[in-house]
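Student: For the protein sequence lines, the chains are S and H, in the order given. Residue numbering for the first sequence follows the numbering used here, beginning at 1 and increasing consecutively. Residue numbering for the second sequence follows the numbering used here, beginning at 228 and increasing consecutively.
Just so you know, the hints here were simulated from the structure itself, not pulled from any lab data. Incorrect hints may have been included.
[Unchecked claim] Within a straight-line C-alpha distance of at most 30 Å, the following computed DSBU-like cross-link-like pairs (lysine-lysine) qualify:
hint, chain 1, residue 1, chain 2, residue 2
1, S, Lys223, H, Lys390
2, S, Lys61, H, Lys390
3, S, Lys223, S, Lys177
Listed here are the chains, written in short residue letters.
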Amino acid sequence: MIRIVVIEDEPLARQHLVDLLAELPGVEVAGDAANGREGLALVARERPDAVFLDIEMPGIKGTELMHLLPDPRPAVVFVTAYPQHAVEAFAGGAVHYLLKPISRIGVAQALSRIRPKDESFQKEWRRIPVRRKSGTRLLGPEEVDALVADLGDCQAWTAEGRLPVDGTLAFWEERLKDQGFLRVHRNALVRLAAIRELSAEDDLVLPSGRLPVSRRRMEEVRKALGI
Amino acid sequence: MIPAPTRFQRAFFAASPWLVLVFALEALPGFGPWLERGSLTSFITGFLPGAGIAGLWLAGFAVREPGFPGWVRSFAMGVSLSEGVRIANGLLFFGSLDRAPRTWSGFAVFLALSLVAASLLHRLAFHRAESERQRGLAEEARQQSLRARLAPHFLFNTLNTLKALMAQDPARAEALVDQLGVLFRQVLVHAEAPSIPLREELAFVEAYLGIEQARLGDRLQVRIEVPEALEACEVPPLSLQVLVENAVKHGLGALERGGEIRLRAAMEGPDLLLEVSDPGPGPGAAPDSAPGAGGSGTALETLRARLAAPGDLTLARAEDRTVATFRWRQL
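Make the full structure from the sequences, and use the hints.
Tutor: Listed below in structure tokens is the structure:
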């Protein structure tokens with residue numbers, strides 16, 4: 001479990017970040033503060049593992065606040081609208097920084113930087129968050145037949161249909177390659193165990209649909225399937 | 228090495244062909260036999276205005292230097308105009324330049340005519356330059372406002388707010404998109420008019436404040452006290468906006484608790500007075516350090532240049548508040 005404190009002066013942005021963090025497995029939001037002063041008191045009281053810290057705040061700036069954090073210093077993830085701040089952030093010892101507007105996937109990346117060696121956490125992390133009207137659902141890799149990119153939008157092919165997923169295909173390929181997933185096309189990542197058939201037209205038949213295999217990757221796919 | 232000619236030398240070079248032409252014309256028998264009369268009076272009153280000043284006029288055009296004093300050119304043009312009239316008068320009605328006035332009294336009339344023409348021309352040139360300058364400044368203000376809208380601090384924070392609202396309050400997310408539309412339309416659509424009704428400027432300012440309020444929440448309170456009767460008054464586009472944005476950025480930006488921004492309008496004689504106040508620490512207290520927030524010169528400086536006199540924009544402290552005021556003459 002990672003315990004996190006959020007320090008951000010804009011109320012909506014603060015709530016949004018808290019919500020994004022809270023819906024993730026293995027994460028507990030220990031509290032949130034609207035400015036540096038309150039934030040420092042909160043960190044001293046809660047002793048979190050990590051602080052998500054806005055840079056542009058009235059009073060104490062995030063970059064100044066980082067140096068005032070009590071020991072043992074929690075991991076710092078900066079939240080900022082300016083990419084220029086990255087250099088300063090890393091120089092000060094931040095583990096990551098998030099650019100606004102904040103995405104789920106950005107938050108996920110930040111968390112994997114905080115605990116790169118935590119096996120249970122990394123495992124949790126392989127779960128795939130899909131957006132639904134009722135909220136975000138977390139799917140285990142075995143629930144997903146394939147991830148397919150379409151015009152920059154990534155979709156998970158599941159028994160329930162095709163559901164939107166944050167992040168690029170490259171990001172998911174990196175995360176799922178040791179979970180039995182294989183890139184079969186420039187825009188498709190397939191779970192090998194979900195493949196029912198390799199058709200005569202070189203299409204992969206999955207329970208949730210058909211996907212073509214690119215010629216370049218055909219050999220690799222055949223080898224992985226043992227045919 | 229030959230030194231670069233001075234401005235006077237260049238003017239003289241440019242004027243010399245004209246001088247020669249006038250000299251030749253006046254010297255031709257039957258045209259202007261001033262040599263026969265040969266008096267110093269006829270030389271000064273007849274030749275000098277025609278050749279010298281007209282030559283200077285030509286020089287003014289030839290040199291076309293930005294630093295060339297405008298009144299010299301206007302005067303030269305005025306003198307040339309009346310000299311032209313004098314020559315035309317002589318040729319048309321007397322068939323000769325000979326009959327043109329060459330007395331001191333004639334010279335006085337000629338000089339007076341020149342001055343009148345000169346002042347008229349000067350006024351015209353001044354107005355043209357002034358309206359050109361105003362157009363340039365209005366464009367500069369528009370660019371600054373656009374840069375402020377595209378500055379990461381504003382744009383990405385607003386997008387982040389929009390994202391948060393989409394999850395938490397879709398109806399407000401929709402309103403925020405509308406407000407963004409108003410804001411960008413105003414700075415993207417090229418405003419030709421030197422002034423717009425206060426009503427329009429207020430709508431723009433309210434859209435901006437709506438977005439900032441969505442971001443800052445309770446930290447930003449707004450009180451607008453503008454009598455309805457004054458909403459038809461004219462103001463330069465993006466003028467009130469500059470003061471309001473300054474109040475939010477520098478006034479509230481430094482305060483953890485936030486505070487109230489007040490906006491007032493009143494008439495003072497023929498001038499509309501617009502006042503924006505904030506509870507911030509005041510000018511000079513907080514240097515503008517946010518990257519991308521600046522640009523070339525501050526929006527406040529541009530607004531000052533757009534007003535009739537530099538004193539028409541004032542920044543003052545009153546009752547622990549920073550008060551920015553500007554006046555704009557109503558026609």
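Student: For every hint, state whether the structure bears it out.
Tutor: To see whether the hints hold, each was checked on the structure:
A distance of roughly 44 Å separates the Cα atoms of lysine 223 (chain S) and lysine 390 (chain H); the hinted pair therefore is violated under the 30 Å criterion. A hinted pair counts as satisfied when its Cα atoms are at most 30 Å apart, and lysine 61 (chain S) with lysine 390 (chain H) qualifies at roughly 24 Å. Between lysine 223 (chain S) and lysine 177 (chain S) the alpha-carbon distance is near 15 Å, which keeps this suggested pair within the 30 Å criterion.
The structure does not agree with numbered hint 1 stated previously, though it agrees with all others.
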